[in-house]
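Colleague: Protein chains in written order, with numbering that gives the first Met the number 0: chain A, 0 to 179; chain B, 0 to 603.
These aren't lab readings, by the way, just hints derived from the structure by calculation. One thing to keep in mind: the hints can contain errors.
As a list, the in silico BS3-like pairs of lysine-lysine whose alpha-carbon atoms are at most 25 Å apart [as the list claims (entries may be wrong)]:
(1) A:11 to A:33
(2) B:536 to A:118
(3) A:82 to B:536
(4) A:116 to B:536
(5) B:435 to B:450
(6) A:110 to B:558
(7) A:159 to B:536
(8) B:160 to B:297
(9) B:536 to A:178
(10) B:536 to A:140
(11) A:140 to A:118
(12) B:265 to B:585
(13) A:170 to B:536
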Amino acid sequence: MEDEAFTDINGKAISLDCQSHSGLCREFTVSSPKVSVGKVMVYTCCVWLLAYTVFFFTENTAVLSSAILITLLGMMLHIHFVKVDHESLLVIGSLGIQVSSSYASGRETTKFIEMSKIKDIVINEAIYMHQIIYYLCVLLKDPSEPDAVSSVVPLFQSSKPRLNCLVKVYKSCQEILSKC
Amino acid sequence: MVLKIFFPQCCNRADSGLLVGRWISGHDSAVVLAVIHYPFIPGQVKQYVQQMQAKSGVELSVLGSWSLPKEGQEGMESFLRDLSTIFPQQRWLQIHREIGKTGFTCEVLNRDQNGRVVQQETKKKSKKVEEEDGEAGGDKEEQEEEEEEEKVIFVHYEQRKVMLSQLHPIQNGVPDPKTDPPSELRQMFQTVATSQPLFFMDRYDDGPLKSTHWQSEGREASIIVELLKQASVPLCLLISWLLSIWTWICNIRIFSLYPLRWLSSKLSTCVQLSYKTEHMRTLSSAKPAAGHTQFMRKANILVSFLVDVALGMLLISWLYRDNHIAMLANTLVPAADHVAKELDELLQWLMGAPAGLKMNRALDQVLGRFFLYHIHLWISYIHLMSPFIEGILWYGGLSACLGLTFALSLLSDMVALLTFHIYCFYVYGARLYCLKIYGLSSLWRLFRGKKWNVLRQRVDSCSYDLDQLFIGTLLFTVLLFLLPTTALYYLVFTLLRLVVVLFQGVLHLSVDFINSFPLFAVGLRIFRPYRLAEGVKFRVLCEEPGTALHLLMEINPLKFSTVVQMYRTPTYSCYPKDSWAALVKKLFVGELIYPWRHKTIKTE
Chain A
0 MEDEAFTDIN
10 GKAISLDCQS
20 HSGLCREFTV
30 SSPKVSVGKV
40 MVYTCCVWLL
50 AYTVFFFTEN
60 TAVLSSAILI
70 TLLGMMLHIH
80 FVKVDHESLL
90 VIGSLGIQVS
100 SSYASGRETT
110 KFIEMSKIKD
120 IVINEAIYMH
130 QIIYYLCVLL
140 KDPSEPDAVS
150 SVVPLFQSSK
160 PRLNCLVKVY
170 KSCQEILSKC
Chain B
0 MVLKIFFPQC
10 CNRADSGLLV
20 GRWISGHDSA
30 VVLAVIHYPF
40 IPGQVKQYVQ
50 QMQAKSGVEL
60 SVLGSWSLPK
70 EGQEGMESFL
80 RDLSTIFPQQ
90 RWLQIHREIG
100 KTGFTCEVLN
110 RDQNGRVVQQ
120 ETKKKSKKVE
130 EEDGEAGGDK
140 EEQEEEEEEE
150 KVIFVHYEQR
160 KVMLSQLHPI
170 QNGVPDPKTD
180 PPSELRQMFQ
190 TVATSQPLFF
200 MDRYDDGPLK
210 STHWQSEGRE
220 ASIIVELLKQ
230 ASVPLCLLIS
240 WLLSIWTWIC
250 NIRIFSLYPL
260 RWLSSKLSTC
270 VQLSYKTEHM
280 RTLSSAKPAA
290 GHTQFMRKAN
300 ILVSFLVDVA
310 LGMLLISWLY
320 RDNHIAMLAN
330 TLVPAADHVA
340 KELDELLQWL
350 MGAPAGLKMN
360 RALDQVLGRF
370 FLYHIHLWIS
380 YIHLMSPFIE
390 GILWYGGLSA
400 CLGLTFALSL
410 LSDMVALLTF
420 HIYCFYVYGA
430 RLYCLKIYGL
440 SSLWRLFRGK
450 KWNVLRQRVD
460 SCSYDLDQLF
470 IGTLLFTVLL
480 FLLPTTALYY
490 LVFTLLRLVV
500 VLFQGVLHLS
510 VDFINSFPLF
520 AVGLRIFRPY
530 RLAEGVKFRV
540 LCEEPGTALH
550 LLMEINPLKF
560 STVVQMYRTP
570 TYSCYPKDSW
580 AALVKKLFVG
590 ELIYPWRHKT
600 IKTE
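Sequences and hints are given; from them, build the entire structure.
Modeller: The following block contains the structure:
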């Protein structure tokens with residue numbers, strides 16, 4: 000597949016990787032932009048300058064050591080719980096859809112949705128802050144009423160790709176879903 | 000159509016043979032459970048499968064054949080095809096693997112109504128649909144040319160993990176298949192879990208059939224476990240006998256008299272005791288746990304009880320070493336004295352001009368003297384008690400062998416008894432303050448020409464006489480000017496009371512935490528993550544062109560937060576029943592606050 004340049008809703012470059020394992024199984028991986036060093040520097044400097052001003056007035060060294068601890072802990076928590084490195088969508092025809100996101104620290108969360116629960120995959124609109132964005136989502140069936148939609152599982156939640164990327168994923172998903 | 004075959008990982012390298020498993024009804028999928036090796040007598044295989052079916056209650060059948068040819072074993076094609084006539088099935092799978100290749104190839108033989116066997120080649124390259132003119136075939140019709148190519152997905156699973164795991168959310172009982180058909184994965188998990196009798200056949204058994212499936216490697220501690228199981232029966236009997244005696248004692252009439260019952264509902268030790276009794280009754284019941292939820296509940300209770308007792312023993316070993324008890328007792332009396340002295344000083348300060356406020360002197364003096372007298376009473380009470388405190392502590396410390404929670408509840412009760420004077424001050428202050436607030440509010444209504452209608456529960460307008468208005472206004476003024484003095488006393492004693500309530504609340508919370516934390520479930524989640532499954536996750540295994548898609552099914556363990564939430568042992572909840580705003584409102588109006596819940600408002 001030719002590599003198009005995709006961007007997320009903030010205009011940062013993201014990359015989409017489509018892997019076709021067979022006619023029935025395709026994997027899409029969206030990698031988010033990396034953390035910029037400048038941002039880390041700014042946050043760290045802010046905390047340390049603040050700590051130093053407090054230290055200047057109180058002359059208590061515990062302030063400085065706690066500032067170091069806070070920055071380290073904050074970084075660890077950030078890469079473990081917040082920063083998503085890449086999100087992937089594995090569509091297996093007639094079996095189901097697996098959504099997984101792996102964090103920068105290597106932690107992975109996975110969710111598998113069985114085909115019998117899935118109604119469809121659609122591109123939806125949402126109001127996000129002050130703009131309207133598109134997102135891909137899986138519609139789940141209501142077990143009691145076959146026509147109703149019980150809930151919606153949004154895909155690629157942390158790296159929010161733009162419409163052109165979503166359309167590409169959507170088309171190949173529908174191709175597989177229509178086969179079975 | 001896509002055919003899904005759940006294939007156990009342990010059969011990957013098995014010798015050629017027959018596949019035994021189950022077709023999942025409603026879904027186009029098959030679960031392979033075991034491979035029965037050549038040579039066999041077909042009659043024995045049929046008998047064995049029927050026997051297993053009766054034992055496990057799973058609709059077992061022979062699914063097809065499995066071949067992994069070694070050197071010098073060629074030309075089995077026709078033999079394999081013939082096998083399908085021996086075991087008549089709707090569909091017959093021929094799974095084939097070659098040495099040196101990772102992928103499998105699968106051929107599906109469909110048998111239609113005429114008893115004719117139709118074979119479909121599923122190798123992707125050769126898309127021919129072959130017509131088999133075999134056994135029953137007289138008429139050669141051109142058919143099923145238009146039928147789509149059948150695709151196969153292999154899902155490899157680890158038999159042991161799937162067998163032992165419990166898929167969440169738990170379904171209790173048998174759900175109605177019409178309203179809520181169980182999903183494919185759930186059926187697959189159930190099939191593997193219920194076909195345990197199939198896995199009992201050992202590799203080294205000298206029977207007519209040899210098979211490959213998951214088999215336990217033997218457990219080292221199994222003898223100890225068996226012995227413990229044997230020992231647990233008389234132990235349970237003993238405990239239940241002791242419990243019956245205990246409940247008989249508790250049910251004696253003298254204990255159900257009014258003051259004792261009221262007291263026991265307020266003392267956290269008694270509450271703890273009844274709670275533990277309930278737990279022990281659950282543990283010692285002779286019936287085996289029905290279902291996963293019951294089992295987990297029992298295990299959680301047992302583990303937290305053991306941990307509780309172990310912590311209690313630690314406490315005891317600390318208390319009774321180096322005469323810590325005497326030290327505690329010796330510090331307790333001076334501490335109580337010190338508190339009393341501080342209170343005394345506080346009252347003296349309040350009786351003067353606290354924080355520069357000018358109080359109503361007469362009322363201030365009266366209130367101060369009243370409380371001072373109370374403190375005097377209290378100190379004499381403490382001094383009367385002081386020789387016995389060491390003994391009380393000594394015997395109270397013994398209660399820790401029933402568990403740390405018990406010792407903590409006892410501590411909470413002792414704190415409540417030792418700070419009884421603070422409670423008394425608080426109640427007096429609150430009552431006075433409450434009276435004033437109510438008086439002021441009703442007089443304020445009089446001021447505006449209104450009154451509270453009790454019958455209709457609302458404020459009505461009312462015309463008062465001049466005398467009534469005069470008296471009312473006078474009383475209002477008096478109450479208003481006396482309010483700051485009372486409010487100050489109320490404020491100080493409420494703060495003191497809040498400190499005590501906070502301490503007791505922390506104790507209750509920790510007791511509740513020890514009692515309700517699902518230690519067993521969390522341990523299971525840490526050391527055997529597959530036992531509590533939230534779902535599954537798939538990984539694409541290998542892609543060799545020309546073979547079917549291979550997926551590896553792994554078990555997705557439950558999140559820790561869900562584990563704690565789901566398996567928490569329900570306890571009497573001692574969390575404050577009202578929100579912070581309600582608490583502040585209560586404090587402002589002068590209603591009494593308690594660390595315990597009232598029985599009437601108790602909610603589960």
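Colleague: Now, for every hint given, state plainly whether the structure supports it.
Modeller: Against the structure, the hints:
Pair hint residue 11 of chain A plus residue 33 of chain A holds up; C-alpha atoms about 10 Å apart against a cutoff of 25 Å. Simply put, residue 536 of chain B and residue 118 of chain A have alpha-carbon atoms about 20 Å apart, close enough for the 25 Å limit, and the pair holds. The suggested pairing of residue 82 of chain A with residue 536 of chain B holds, with an alpha-carbon distance near 22 Å, which does not exceed 25 Å. The suggested pairing of residue 116 of chain A with residue 536 of chain B holds, with an alpha-carbon distance near 16 Å, which does not exceed 25 Å.
At roughly 17 Å between alpha-carbon atoms, residue 435 of chain B and residue 450 of chain B fall within 25 Å of each other, so this suggested pair holds. Restraint check for residue 110 of chain A and residue 558 of chain B: the C-alpha separation of about 12 Å stays at or below 25 Å, so the hint holds. For a cut-off of 25 Å, the pair hint linking residue 159 of chain A to residue 536 of chain B stands: about 23 Å separates their Cα positions. With a C-alpha separation of about 23 Å, the suggested pair residue 160 of chain B and residue 297 of chain B falls inside the 25 Å cut-off, and the hint holds.
Distance check on the hinted pair: residue 536 of chain B and residue 178 of chain A sit about 22 Å apart at the alpha-carbon level, within 25 Å; holds. A threshold of 25 Å between alpha carbons decides the hint, and for residue 536 of chain B with residue 140 of chain A the separation of about 20 Å falls inside it, so the pair holds. A distance of roughly 5 Å separates the Cα atoms of residue 140 of chain A and residue 118 of chain A; the hinted pair therefore holds under the 25 Å criterion. This hinted pair checks out: residue 265 of chain B and residue 585 of chain B have alpha carbons roughly 21 Å apart, not beyond 25 Å.
With a C-alpha separation of about 24 Å, the suggested pair residue 170 of chain A and residue 536 of chain B falls inside the 25 Å cut-off, and the hint holds.
Of the numbered hints given earlier, the model fails none.
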